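Okay, here's what each chain looks like letter by letter:
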Amino acid sequence: MKIMVCVKRVPATDSRIKIAADGTSLDTTSIEWIVSPYDEFALEQALQIKDADADTEVVIVSLAPAAATKELRTCLAMGADSAIHIKDDQANTRDAFTTASALADAIRDAGADLILCGKMAVDHDQGQVGTLLAYKLDLPCVTEVRDLKIDGNEVIAERAGGGGTKETYAVPLPAVLTVTKGDKEPRYANLKGIMKAKKKPIEELEAAAGADHMTVKVMELPPERPAGRIVGEGVDAVSEVMRLLREEAKVL
Amino acid sequence: MTSTASPATLSSLVKPLFLGQLRSEALVPYPTMSADDAELLAMVQDNVAKFAADHIDPAAIDQAHAIPQEVLDGLAELGLFGVAVPEEYDGLGMTNTQYVKLCETLATLDGAVPIMSGGHSTIGIKAIQLFGTDAQKARYMPRLASGELKAAFALSEAGAGSDAQALRCTATRDGDDWLLNGNKLWITNGGFADVFTVFARTPDEERDDGRISITCFFVERSAGIVSEKEEEKLGIRGSSTVPLLFENVRVPADAVIGDVGKGFKIAMHVLNAGRTGLSANCLGSSKVLIEEMAKYTNERQQFGLPISKFELIQQKLGRCAQDVHALECMVYLTTGLVDRGHKDIALEAALCKIFGTETLWSVVNDAVQCAGGNGFTTDYPYERMLRDARVNMIFEGTNEILRLMVAKTGLGELGAALAGSTTGDALDKLVRGSEAPDPIEVPAALQRDALGLSMGIATLAQTSAAALAEHGKDVGAKQLVMAALADQVLALYAQMAVLSRAKLVVEAKGEEGAAAELLLARGACRRMAARAKAAADSLRDPDVGLLLETAAAVSDSERVPTEAP
Ligand SMILES: Cc1cc2nc3c(=O)[nH]c(=O)nc-3n(C[C@H](O)[C@H](O)[C@H](O)COP(=O)(O)OP(=O)(O)OC[C@H]3O[C@@H](n4cnc5c(N)ncnc54)[C@H](O)[C@@H]3O)c2cc1C
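Heads up: the protein sequence lines correspond to chains A and B, in order.
Mind the numbering: the first sequence is residues 1 to 252 in the working numbering, read in order.
Mind the numbering: the second sequence is residues 1 to 565 in the working numbering, read in order.
Mixed in with the good hints there might be a few duds.
Which residues of chain A face chain B? A partial, calculated answer using Cβ under 8 Å [as the list claims (entries may be wrong)]: (1) A66; (2) T69; (3) I194; (4) V241.
Hints were generated in silico from the structure; no laboratory data involved.
Quick caveat: nothing in here was measured; it's all calculated off a predicted structure.
Beta carbons: idealized from backbone N, C-alpha and C, even for Gly.
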């Protein structure tokens, strides 16, 4: 069983975001990078399958700038067996279609029984790559999977449906799943894992020189939130708060 | 200047300053980590920070007066106890720079955790790691790396603090074994450690020449070490600090680390080498405080303006950042020297420790002040950080003792160099004024500061020679003189580090790209140059006599010796 997990390097969620001088991208000079959290959920699912069945091979695939290997090594330190690094210095601004194409090419060449992605990367929050990847590979896709297990030639995937329902799908392999937060907390990469990761292989591929299909025209920071207001204290304030919620915030 | 043997490439950068010499060649390039080393470090830092976000609550640890067992277990699982252990013993084998940067990270996460970690990695396991036999290391190091065994360093006693050599714990031979007896005090990690690096007098080994024989032992708690009640402390309350009791604790012959009678050297070596770790703790805490200060003073409005718009607040932000910049340059110059193979860094590390601990103390003081009443309450982290910061100036060698050590070593160096002179009047010549060394080559924007550094070095050499000429062998008792020399050296080493790093950054990015670095570098150099000058000027302070006479009166009367008018 070979599981491919697609991961993306994104700015740490507590980074102070600044827009670059070009007005269309992030200023990345003082940004700390991390593995996108949903991708970590996906990796944890794969690693738990591997924990239960040692014959499982977990391969990381990532479109990332040439110098960005820390996040790949972190995935290897968590327990993945190897990684494919598709080198692209513009990885972080690539549109979803181009990204999915690059990943699909690498996955097609390497072969995989199951492909997992996070439900979205927490930089642009678009959530397109997983489904586009399934389309490119001509494979079935289940999105926002909370939990999954392998059952013979099928993957059993659980997701939240509308209205609080729980949907459980049986999907023939190979398949693409996009993963969201479930009950399986991603593990920490421990020291032994970090030591082992130093010796695990990272295959390097050059990204095909495809142009983006879309360009970002403008990127803007959200407007500053107005300062909070104290309208009074204790029970005396309740009626004023209710009035404001009704009339100003219009949430009641 | 007399001709002295040209210093070996890997010798101290600080000692030659007393002779008016600047070792520019050893200063460049400013050390940096390889890409692989930086990546490994970043992975460990990320993991520890992630773990901390989920599991470490500094306020709760402070209130509980303990680091919870789950946190210790979790940190062990992460591998924190093995970061400094060589790879051959299942550790991560971090370089000195990596390790010290991790100390900095730990200090941004909590007050007690970095002390606990340092008690294990910086001092607890170092004697066996550096001086143990292969058999001793094979037996213990893998379990120390995994955190299965946690270590402590037991040197201090009730009667032996700064004067560690006065220790009274004894180890006497009993057949092939040794019996340990006595008490230790202030032992970090002592409440839960499984193994202890213990220093004891071995009186049977003492010879007629009156030399004290001290031996280092690596002792398992199960041999019978008893830890007594935890100290109630001002700060770092989550860190375990206990007295230890030894009553006929029997240890085998192979518990001895290094040679019998050579233990004190081991203790000093471990402490001397470890002080950069503590200074990086101070660096990490200082950076957190500056971030908090900057946010707070931007948000807090008084008189219709954020208080960061007022000059007296800006003064605090500016000087804290300048000091912290100088500290950072100094700490990672020192660790970089270690990684390049410099063995003789006791003075450099001591200067980092003095400067780091005092910088943090002034930063935390400024941070509390900027936060006003809030700074004084437990709703904000400032008061806890202030309490946690205080101990740094006391342990791992008090700052007084370290200043004396720096000056004594430096003057020793100068004395030795002059003794080798054939002309005899070398000291006189130096006292009349020493020639400034060639300034280090720096980008244009920093040339004035490089010149200032050279002048400062000449002043140090001149004042050091004058101190020797005036006081001769008794100079060690002239502690105000000694401290004034040490403070000059501190400020000079800081300038060397700042200039070296700025040069590297400017060469990589150009003066425009390095604008932020240059701003800090220039500010820090000026501040440090002023500090060196103030220290040198204090040597001519005519009022020292009044001060010491007053102190004597206080000591006599044990009160402020005033008389009612
Ligand atoms: C929280 C904590 C943790 C510690 N952890 C450890 C540990 O893990 N292992 C360990 O072995 N020790 C540990 N110590 C002990 C620590 O190293 C000593 O407290 C320190 O060395 C100072 O010794 P002392 O307390 O006896 O003070 P003293 O030596 O009595 O000093 C009191 C004051 O006098 C000054 N002074 C002393 N001698 C001179 C002199 N000749 N000239 C001028 N001034 C002088 C000192 O600088 C200080 O200001 C710890 C201490 C604390 C508070």
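Verification of the hints:
1. Hint status for A:A66: violated, given a least beta-carbon distance of 11 Å to chain B, over 8 Å.
2. Checking A:T69 against chain B: minimum C-beta separation of about 6 Å stays under 8 Å; hint holds.
3. This hint holds: A:I194 has a C-beta 6 Å from the nearest C-beta of chain B, less than the 8 Å allowed.
4. The criterion of a C-beta within 8 Å of any C-beta in chain B is not met by A:V241, whose closest approach is roughly 23 Å, and the hint is violated.
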